[in-house]
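A.B. asks: Read off the chains here:
There are 2 protein chains.
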Amino acid sequence: MSLRHAILVLLQDQEASGYDLAREFANSIGLVWNATHQQIYLELGKLSEQDMVHYRHVPQEGKPDKKLYSLTEAGRTELVRWLKKPAGPARIRDAFMVKVAGGSLADTQVLLAELDSLAKQRRERLATFEALAQRLDESGRDDNVYNYLTVRRGILDQRAWLQWAEEVRHSLEHRSADSTAS
Amino acid sequence: MSLRHAILVLLQDQEASGYDLAREFANSIGLVWNATHQQIYLELGKLSEQDMVHYRHVPQEGKPDKKLYSLTEAGRTELVRWLKKPAGPARIRDAFMVKVAGGSLADTQVLLAELDSLAKQRRERLATFEALAQRLDESGRDDNVYNYLTVRRGILDQRAWLQWAEEVRHSLEHRSADSTAS
DNA sequence: AGTGCGTATACAACGGATTGCGCAGCACTT
DNA sequence: AAGTGCTGCGCAATCCGTTGTATACGCACT
Chain Z
1 MSLRHAILVL LQDQEASGYD LAREFANSIG LVWNATHQQI YLELGKLSEQ
51 DMVHYRHVPQ EGKPDKKLYS LTEAGRTELV RWLKKPAGPA RIRDAFMVKV
101 AGGSLADTQV LLAELDSLAK QRRERLATFE ALAQRLDESG RDDNVYNYLT
151 VRRGILDQRA WLQWAEEVRH SLEHRSADST AS
Chain H
1 MSLRHAILVL LQDQEASGYD LAREFANSIG LVWNATHQQI YLELGKLSEQ
51 DMVHYRHVPQ EGKPDKKLYS LTEAGRTELV RWLKKPAGPA RIRDAFMVKV
101 AGGSLADTQV LLAELDSLAK QRRERLATFE ALAQRLDESG RDDNVYNYLT
151 VRRGILDQRA WLQWAEEVRH SLEHRSADST AS
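Listed in order, the protein sequences are those of chains Z and H. Sequential numbering of the first sequence, starting at 1, is according to the UniProt record's numbering. Sequential numbering of the second sequence, starting at 1, is according to the UniProt record's numbering.
FYI, nobody ran anything at the bench for these hints, they're computed from the structure. Just so it is clear, CB atoms sit at the ideal spot from N, CA and C, and this is done for glycine as well. Incorrect hints may have been included.
To be verified - Which stretches of chain H does chain Z cover? Using the computed rule of at least three CB atoms under 8 Å from a CB of chain Z, they are: (1) 14-23; (2) 26-35; (3) 53-66; (4) 90-97; (5) 123-135.
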């Protein structure tokens, strides 16, 4: 149970709407913790009931009204409490990796095609993160060290994946060349 | 819904008990897909009802009896079907990363201690994977390319994390030196 | 006029996942 | 003699998460 804490962390710097949070989860933080808007709205509702967050209603023109959430004292206290206790191990669900593990039954061409498509997404993400890192580096590095470190993690992650993808491609192409030749 | 497929992949090579699978999920595959024994037993039950897997009861001496599961034809067909359709995006839940992102509210010493403990685990895992990779490399590389690639992923992942950890340590130590000096 | 996209919020239903508990025997240590 | 840890299986409750659906307005495109 800790989508709540991810939300509290995001609200720590600035107030945000559910929609804003959803966008952040889809981008930067999404690499490390993901959530859909339904989940976020639900959790914001719960947090609000428990007085961890507070919102003000902001009418808008041309756009639907929104609710801007911010941390309450109780929310900040809860966040500090959570930060102190050890985090659980990281969990991942990478379906593509499972497919590679079961690769002997798969069609190599299909796997290669999927690999390319995933690699493309990763490269785009890498570019986004690198641009972001540079911007953070140029402005005050000290104020947002934590932000910077988060982005660095994203960069290293993408690079590691892409390097692995090269190895996979090499092995698979080798294999497919074999089977084509036979 | 695809713990089922991870299980089918594991059963593809060899028959295994629920307990065996749980160990595999805790180790090698665990980096990419995790599951507890309760989940595994439940899923094996469902798979068995649907005739995707089949088990034989094996009495043992000195240990509890066990059920050794293996794929049926239907299970293999389902696996092949699943391998063809594109995998969803990888999902992660890394609580420690969330903590780093919210680091400005955290106690630097606590974070550093946790970083060390996680780094230790990662280093151990890295050693295990590297040993495994070497063994696979020495025996026939071609038979278990897929297995080898899975392990490679684990290695690259650990290395990327450890590199990131170095960056984090550097930043945090810098910070803590500042605050100690002031 | 109709279609699709972006902003913004929300409910309902189902299924997947975690947590807590329980049983059972053997081996090894303290 | 009691405690700890490993092998092995399983149920029940609850919570988390996904998917589907809904509403509402403005803007741009065809």
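A.B. asks: Looking back at the numbered hints, which does the structure fail to meet, lowest number first?
C.D. replies: The structure conflicts with hints 1, 3, 5, although it agrees with all the remaining ones.
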